[in-house]
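Student: Generate the whole structure from the sequences, applying the supplied hints.
As they're listed, the protein sequences go chains A and B. With full-length UniProt numbering applied, the first sequence closes on residue 668, and no number is skipped along the way. With full-length UniProt numbering applied, the second sequence closes on residue 668, and no number is skipped along the way.
Among these hints, one or two may not hold up.
For chains that are exact copies, the list does not tell them apart, and a pair is met inside one copy or across any two.
[To be verified] Calculated lysine-lysine pairs in the DSS-like style (CA-CA distance at most 25 angstroms, straight line):
no. : residue 1 : residue 2
1   : K211      : K22
2   : K487      : K559
3   : K665      : K136
4   : K133      : K40
5   : K38       : K22
6   : K34       : K665
7   : K649      : K254
8   : K471      : K487
9   : K661      : K80
10  : K79       : K665
11  : K340      : K575
12  : K254      : K643
13  : K38       : K79
14  : K487      : K585
15  : K448      : K358
The hints are simulated quantities; they were obtained by calculation from the structure and are not laboratory data.
There are 2 protein chains.
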Amino acid sequence: MSLLPKTVNPDLQKERDNASIKAEEFAVWWHGGKDRLKIKRDLELHILDDLDEDIYRFPNLSHEEIYNAAIKDFIKLAKKIQELKVERNYDGTDIWPSSVLWGAMPAGNPLAVHCGMVIECIRIQGTDEQFEKFGKACQSFSMTSAYAQTELGHGTFIRGLETRADFDHHTDEFVLNTPTISSYKWWPGGMGQSANHCIVPANLYIDNVCKGLAMFVVPIRDMETHAPLPGVDVGDIGKRMGFAGVNNGYLGLKNVRIPRTNMLMRHSQVHRDGTFVQSPVSVLTYFTMVYIRCLIVRNVATQLSMAATIATRYSAVRRQSPINPNEPEVQIIDHLTQQKKLFPEMANSIAYKLAFTKLYQLYETTSQDIKHGEFSRLPEMHSLSCILKVLCTSTTMAGVDILRLACGGHGYLSSSNIGNIYLDVGASCTYEGENTVLLLQVGRFLMKSYRSALAGKKLAPTVAYLQNAVKEKSLCHWTGSWEDLLKILQIATAHKTHITYENLMARLKAGQTEAEAANNTGIELTQAAELHGICFVAATFLEEVTGPHSKPRSPALNKVLGNLLELFMISTVLKYMHEVLRVHKLSEAEIRSLQTRLEDSLKAVRPDAVVICDGFDHHDRNLFSTLGSYDGNVYERIFEEAKRCPLNKQPVPEVIHTHLKPFMKSNL
Amino acid sequence: MSLLPKTVNPDLQKERDNASIKAEEFAVWWHGGKDRLKIKRDLELHILDDLDEDIYRFPNLSHEEIYNAAIKDFIKLAKKIQELKVERNYDGTDIWPSSVLWGAMPAGNPLAVHCGMVIECIRIQGTDEQFEKFGKACQSFSMTSAYAQTELGHGTFIRGLETRADFDHHTDEFVLNTPTISSYKWWPGGMGQSANHCIVPANLYIDNVCKGLAMFVVPIRDMETHAPLPGVDVGDIGKRMGFAGVNNGYLGLKNVRIPRTNMLMRHSQVHRDGTFVQSPVSVLTYFTMVYIRCLIVRNVATQLSMAATIATRYSAVRRQSPINPNEPEVQIIDHLTQQKKLFPEMANSIAYKLAFTKLYQLYETTSQDIKHGEFSRLPEMHSLSCILKVLCTSTTMAGVDILRLACGGHGYLSSSNIGNIYLDVGASCTYEGENTVLLLQVGRFLMKSYRSALAGKKLAPTVAYLQNAVKEKSLCHWTGSWEDLLKILQIATAHKTHITYENLMARLKAGQTEAEAANNTGIELTQAAELHGICFVAATFLEEVTGPHSKPRSPALNKVLGNLLELFMISTVLKYMHEVLRVHKLSEAEIRSLQTRLEDSLKAVRPDAVVICDGFDHHDRNLFSTLGSYDGNVYERIFEEAKRCPLNKQPVPEVIHTHLKPFMKSNL
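Tutor: Listed below in structure tokens is the structure:
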């Protein structure tokens, strides 16, 4: 018998009744229009509403049991998606909000890389015939695959990969080897037990001469029995912090032979006689990474909004510590220090979602440019996708942690799901470009841009402010407006870029190589990059709120967005105050007024906090949280979840009889 | 057949050969002398060296299997400890370094609270007869117990606890009830299935009049069958983020009757006729919390040193990305940005360990004072234990995360153990006083101290600097010495305290109640508290390095400690630069010289980084990490651990045959 009330917790209802806007209006804005919101909800209805409960118990399961559940779950999901595609004529990835898929596979998807990346990789890197053969087999799942790039001893530095493919003139084959333990392929999602093929990037050798990296389609398991093929050593790498069901694998290859035609040959080729034709365009591979980083920004910003929803709803339901003694305990959302934990993360998730939208527009423009052979904006696009990936993942990781702590002890329950979100996001700081490595790349891009600025050249649009800001070393007149707040951040960024450049030059002058000087200037390079990214995010948020907007908005919604922007701008300037004060000597009164504005903006967001989160429109299955459900029946859900714990199946577990009781009676 | 070499990784050996000090000298200093180090190693030898392997596989196990393993593991450990106590005549808790116990029970200990807290609680809160009855039974384990304070709906605010104990005049019993779902006891470690008794803090009612909180010894499971007793609803609360084997439980009580003599009556009593005698000393309960917070500081600082050891050794072994192109990939510890991740956390763990030592001296002094009826230093002691608990746990949580990310993808493997350390530390920010709640308490203590300073009264020694710093609003002459760096932090703290006080007063003046004003000044109160704590930590570190020291040190060790202090002081001042610049307008050249000093101090620590970590002297079993073992055979260990993954037991898992293959053949 369920203890769950059918009603909404009255404290939460009160929040909804008293807000200045309706959640629906926010939801329409957040999801980019009524149509898109409708499609999202329709998908959720069909995919999430009648899924099995099994996978939702995954925190209690063993590593092996989670994998079993994830495979079964994936098959159900794939069938549903196939039905929907046929029935509704849906197509494309954009229409599938990733949050729907998370909700359907909370422990992760062992075939996510297969579906999301390998098929696309074969399409882009393979010839049309290759796509016909391998790509189609992937689409129908007769072939399941992984993308096996990273090695046990090699990650970031691709040229260092040890796996080699030697061309055998006699048999017209490649012979693949992972000659050392450190060259074992390590980490690829789904490679452990789920894939029967891998895309293997390896160094191509012809007559023992290295021709650089190429990609090979390598069968690893028998198409009938699924047993590993001769020369193949494959398995699961063992438990990770998160992504429990993803089946990350290892792969050793010993003289594994594949036909020459299994090398993906759209851009570079090996002919029958061993002639190697170099790819004319390296830029395309590079551009796929840009695309993936865009998606990471969107996904991770969404995950932050999920955590914010869970913590905010819980904070409206949870009552703790009276503010005035002898009065009842208040909703914890009324403690100012609690608001300081919740609302800035809400604003951050909005800021990064908006930055994603802007980034994605730029991506689409650049894609068009590339089709027309125009590559000039590519460095800018690349560095922007890098810095936003870094900032969004690191901000979210820190933010989810703050939000977890904001839920006190109950945030630590697996059933709160904030921990699970944290573990997912925690991986995103490392994959698809380790954050520090990316920051250094962006730092180097800033150095180049700055050098161009000094030479009087025109800068790319998103770094143009460096030029203006260099001229205007400080703000002439501080009014504290949003525009001023942005400008002061830009001036601080220009200043940081300037001194980083000076230090780099000084090191070169002192005789260091370019690489040594860059390493020794590394800390400042990463700081400049971070500031640069922040300026983009702040500018985008400011533009969304104050610029012209395509769809009409009620004054009430405008006000709410303004409150969030105010909170974001003030928080950001306070966070970087140590940089700001180096370029503009704000008076003590001005600094104190920023603190007051921070406090006031928290209070301004307070009445709408719950409906803003409602407006993120996360399905309960997606939140998968005892603390964050729409109805706010928190304690009842925690209680029911505890009752389901496998340890409670019997009044006294077996180990008590076999071990604990005899020990207790032994009179130690 | 093990792949593990019997030799030390040559990169790690080189680090040890080329360091400026021997690890042993650092270890003797760190552990407080040769004798203490010897005892620690002796314990490790006996406790850790021949433990079973089972529990080390816990990340692969289900929630239930982990519990079973933890129970078996605990029994073995308890027997060993008992043997050692008899054999070596060891006694006291201080001699048992907690790290030895972590190493022995990596998934957590379901009877940790029983051993570490309940017995002590009965000794302090119970009469001598009660200790004879209950305490002794606990010591021999015929009685196993949990401490059941927190409720599902009530944590921080103790007076809000709903559990009640009504005195029944007729039967001379107490009748215990948890009348609502929110009053269920929730979270106590070991309460799920392991304990047959609980210490239950509940509101005491006599003739329906509340007399305040008292503690009751409540049997919850049958002493013979271990089945829950009538009226008792008890079980495990379900999976948590960490502490997998701790068996946190829930407890509902419905008209559970216990003899009147089961109330712990050393300080307050209920007589047979229902007369209630109030405790004359509330201070003692309070003082136990102080003690526990001291231990948390020590434990968590130790955990940070564990994570630093793992990440630093890995960074010496891992090679990635050449610094100069066409040269081999370098040890990642040679990247400046990597040093920036590793070494400050090393310095932090040392800083907090030293702060603990100082705090513990103060604790012992205060304990003596209390025995002589002298309570004047108690508020200071209390607030110091609070702020160090907060700073150490939050610094460590952030630091462990940085260190995990510093290990790239492999840091995300469960077998790296950094994730497990993170999850443990992540709980410490909440338990034994939620960090924000504690910060607010310390903030209020600062307000009181500041008021006293304004009134010309003498301040407690650890806040005395507020008085001096108030007078000296800015540094007259900046030399950049360590003493200057500390002084500037103190002046910034005094300034923050001053403006917080002003804002609080302004709100009171505007008609807010004291509680409302405190809530509205909450953010600044927490900031002032944080700064205050940092000043204590910095002053302690400075004193250790530059002050007189009891035991002789080699000049080389002094130099190493000086390097670490320099790094700590510079990092700290840079972190709080936004506050520093408000009280002292450092010139741009002065700020840039701090940045240079940061970079130089990283380089100065570099050659000794590995031996410093060796000097923390963590047993391999304690680190429990494929990345951090003493011999540095990282890849071989990761490889062996992967091979042990249960999913790899058979070449093709069952679920492939039953589910995945049929799906792959279905031609979706």
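Student: First find the shortest C-alpha distance between K38 and K79 inside one copy, then the shortest across copies, and answer within, between, both or neither for a cut-off of 25 angstroms.
Tutor: Classified as within: same-chain Cα gap 22 angstroms, cross-chain 63 angstroms, threshold 25 angstroms.
Student: With identical chains, the pair K487 and K585 could be close in the same copy or across copies; at 25 angstroms between alpha carbons, which is it: within, between, both, or neither?
Tutor: both (14 angstroms within a copy, 22 angstroms between copies)
Student: For K471 vs K487, is the C-alpha pair at or below 25 angstroms within one copy, between two copies, both, or neither?
Tutor: This pair counts as within: shortest intra-copy Cα distance 13 angstroms, inter-copy 36 angstroms.
Student: At most 25 angstroms between C-alpha atoms: does K254 with K643 qualify within a copy, between copies, both, or neither?
Tutor: between (50 angstroms within a copy, 17 angstroms between copies)
Student: Treating 25 angstroms as the Cα threshold, decide for K665 and K136: within, between, both or neither.
Tutor: between (66 angstroms within a copy, 14 angstroms between copies)
Student: At most 25 angstroms between alpha carbons: which applies to K649 and K254, within, between, both or neither?
Tutor: Between copies only: 21 angstroms across, 48 angstroms inside.
Student: For K211 vs K22, is the C-alpha pair at or below 25 angstroms within one copy, between two copies, both, or neither?
Tutor: neither (61 angstroms within a copy, 47 angstroms between copies)
Student: Tell me, please, which holds for K340 and K575 at an alpha-carbon limit of 25 angstroms: within, between, both or neither?
Tutor: For K340 and K575, the Cα distance is within 25 angstroms both inside one copy (13 angstroms) and across copies (20 angstroms).
Student: What label fits K79 with K665 when the C-alpha limit is 25 angstroms: within, between, both, or neither?
Tutor: Classified as between; 13 angstroms across copies, 56 angstroms inside a copy.
Student: Please work out whether the CA atoms of K487 and K559 approach to 25 angstroms or closer within one copy, between two copies, in both situations, or in neither?
Tutor: within (23 angstroms within a copy, 45 angstroms between copies)
Student: State whether the alpha carbon distance between K38 and K22 is at most 25 angstroms within one copy, between copies, both, or neither.
Tutor: For K38 and K22, only the intra-copy Cα distance (17 angstroms) is at most 25 angstroms; the inter-copy one is 67 angstroms.
Student: For K34 vs K665, is the C-alpha pair at or below 25 angstroms within one copy, between two copies, both, or neither?
Tutor: neither (68 angstroms within a copy, 40 angstroms between copies)
Hints 1, 4 and 6 from the list above are not met by this structure, while the remaining hints are.
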